[in-house]
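Note that the protein sequences, when read in sequence, are chains F and U. Here our numbering is used: position 213 in the first sequence is 213, and no number is missing along the way. Here our numbering is used: position 83 in the second sequence is 83, and no number is missing along the way.
Calculated from the structure, these hints are not laboratory results. Hints may contain errors.
Think about it this way: if two alpha-carbon atoms lie no more than 30 Å apart in a straight line, the pair counts; the simulated BS3-like pairs of lysine-lysine are [claimed, not checked]:
id: 1; chain 1: F; residue 1: Lys255; chain 2: F; residue 2: Lys287
id: 2; chain 1: F; residue 1: Lys373; chain 2: F; residue 2: Lys361
id: 3; chain 1: F; residue 1: Lys373; chain 2: U; residue 2: Lys6
id: 4; chain 1: U; residue 1: Lys48; chain 2: F; residue 2: Lys2
id: 5; chain 1: F; residue 1: Lys312; chain 2: F; residue 2: Lys373
id: 6; chain 1: U; residue 1: Lys6; chain 2: F; residue 2: Lys312
id: 7; chain 1: U; residue 1: Lys123; chain 2: U; residue 2: Lys45
id: 8; chain 1: U; residue 1: Lys43; chain 2: F; residue 2: Lys373
id: 9; chain 1: U; residue 1: Lys48; chain 2: U; residue 2: Lys121
id: 10; chain 1: F; residue 1: Lys216; chain 2: F; residue 2: Lys204
id: 11; chain 1: U; residue 1: Lys48; chain 2: U; residue 2: Lys123
id: 12; chain 1: U; residue 1: Lys123; chain 2: U; residue 2: Lys76
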Amino acid sequence: MKQIYLDHAATTAVDREVMQAMTPYFTERFGNASSLHTLGRDANQALTRAREEVADAIGANTEEIIFTSGGTESDNLALRGVLREHKGHIITSSIEHPAILKTCQYLERIGCDVTYLPVDADGLVDPGDVESAITRETRLISVMHANNEIGTIQPVNEIGAIAADHEIPFHTDAVQSFGKTELDVRKMNIDMLSLSSHKIYGPKGVGALYVREGLKINPLMYGGSHEMSIRAGTENIPGIVGFAKAASLACERFKSDTAHLMKLRDMLINGMFDSIDDVFLNGHQAKRLPNNANLRFMFVEGEAMLIHLDLKGIAASTGSACSSASLDPSHVLLALGIPPEDIHGSIRFTLGRENTEKEIKYVLEVFPTIIEKLRAISPLTRR
Amino acid sequence: MEYSEKVMDHFLNPRNVGDIPDPDGTGEFGNPVCGDVTQVHIKVKDDKITDIKFKTFGCGAAIATGSMITELAVGKTLDEALAITRDDVADALGGLPPVKLHCSNLAADALYAAIQDYQAKNKDV
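Make the full structure from the sequences, and use the hints.
Below is the structure:
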């Protein structure tokens, strides 16, 4: 059965053009970018071009891009790189990705203070809360651009302006928003920004951290003087070339991609509301990633829905814990104030470039039957 | 996470789903906050479970255990039914993923609750 893949927030397939761009760098163009011979210089040129492409995609300068192994490393490097004296205060939100939240918890253990800002029922951080949380000890503000579960887009412009007023560095995790929303680090007053390749049809295992010129951060990894001496280790040239190609394709296709995604997303959301009762949208209706439809179905549980969908050839994801190793309900949905018993009925569809209207129609055809079946056996269904 | 064939069968084709209009005993176990609730209705005649129906809100494993308990309990005396353990249910299903053994294996407890409900109502008989 052909899979209908609606889990693009988890990962994406590598684009054919990206694959083509990468292939030579595994074999005939395999040089180490630090070597002085022809092969090394060729690799170094590829690295420079890739850095330019990624910098262009976010309005940064070339030397402000540090390639990493992905979003998690970029987030770790941003936070741990700035909080290098193991003291000071960080402001973040309560709905960040674990790469930020777990790093903050680590920093608390070694002596830092962290403020986890609440969000409203749509998942939005209030920039006023950011400003009031600032203390004399605040060393960093880190608020994600768009949430990975619910797709809510934060007011990063406002938060960036507040951070700039107080001369506090502002970091944002843009792993989910890159390629799906406008991104310009200068206009948005962003000092550090995390990117990942495999969410934008690039290979896994590569990402970047943008660090504004003049902002000093400490490395996590010591060794050679790669990546402006901030990230030691021989550069993953094929991965970096693929990431850069994916980034430039994302810019090229930005208008058509986002229009396509929004159309399918709205078709899916509206179709669900038309055919199923007791359904709610998780996250903000308008300030939302163009490819995210996170829906909550009352009286049923997420994993049961996922298995039924999987048997119909549809791949989605859940905000419910039951499908993962952890049994706790989603910290994001809890932060929105949704009762835990309702959180279990949440399911996340994240669309991609290759999805079609026909696929969404098929989902809308089979999904109401799945809900009907599960509600018929649920003791919580209106008695 | 992989479910056994038996779990998948009972999840997709649950046996004895529903309510009994005039049950002799009703039990419910679980907590919607944790994501799993199983409800069991029984009919009892001559100390034997003559009919049993279940409903479950929960994951695949929770639904499958609800279905399985109805098959294990029907026709049993109350004492025999009370002796059915969570492990018996999991074993009859060909095993459950470790993470599900505690959170989603609620059916035996729902059955005990239904039997206790019956016994409480029939103390003087």
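Status of each hint after checking the structure:
1. At roughly 17 Å between alpha-carbon atoms, Lys255 of chain F and Lys287 of chain F fall within 30 Å of each other, so this suggested pair holds.
2. At most 30 Å may separate the alpha-carbon atoms for a hinted pair to count; Lys373 of chain F and Lys361 of chain F meet this at roughly 19 Å.
3. For the hint pairing Lys373 of chain F with Lys6 of chain U, the CA-to-CA distance comes to about 19 Å; that is within 30 Å, so the pair holds.
4. With a CA separation close to 49 Å, the supplied pair Lys48 of chain U and Lys2 of chain F exceeds the 30 Å bound.
5. Taking the CA atoms of Lys312 of chain F and Lys373 of chain F, the gap is near 14 Å; set against the 30 Å cutoff, the hint holds.
6. This hinted pair checks out: Lys6 of chain U and Lys312 of chain F have alpha carbons roughly 19 Å apart, not beyond 30 Å.
7. A distance of roughly 15 Å separates the Cα atoms of Lys123 of chain U and Lys45 of chain U; the hinted pair therefore holds under the 30 Å criterion.
8. For the given pair, Lys43 of chain U sits about 25 Å from Lys373 of chain F by alpha-carbon distance, which is consistent with the 30 Å threshold.
9. Between Lys48 of chain U and Lys121 of chain U, the direct Cα distance comes to roughly 16 Å. Compliance with the 30 Å bound is thereby established for this hinted pair.
10. A distance of roughly 28 Å separates the Cα atoms of Lys216 of chain F and Lys204 of chain F; the hinted pair therefore holds under the 30 Å criterion.
11. With a CA separation close to 16 Å, the supplied pair Lys48 of chain U and Lys123 of chain U stays within the 30 Å bound.
12. At roughly 20 Å between alpha-carbon atoms, Lys123 of chain U and Lys76 of chain U fall within 30 Å of each other, so this suggested pair holds.
Checked against the numbered hints above, the structure breaks only hint 4 and satisfies the rest.
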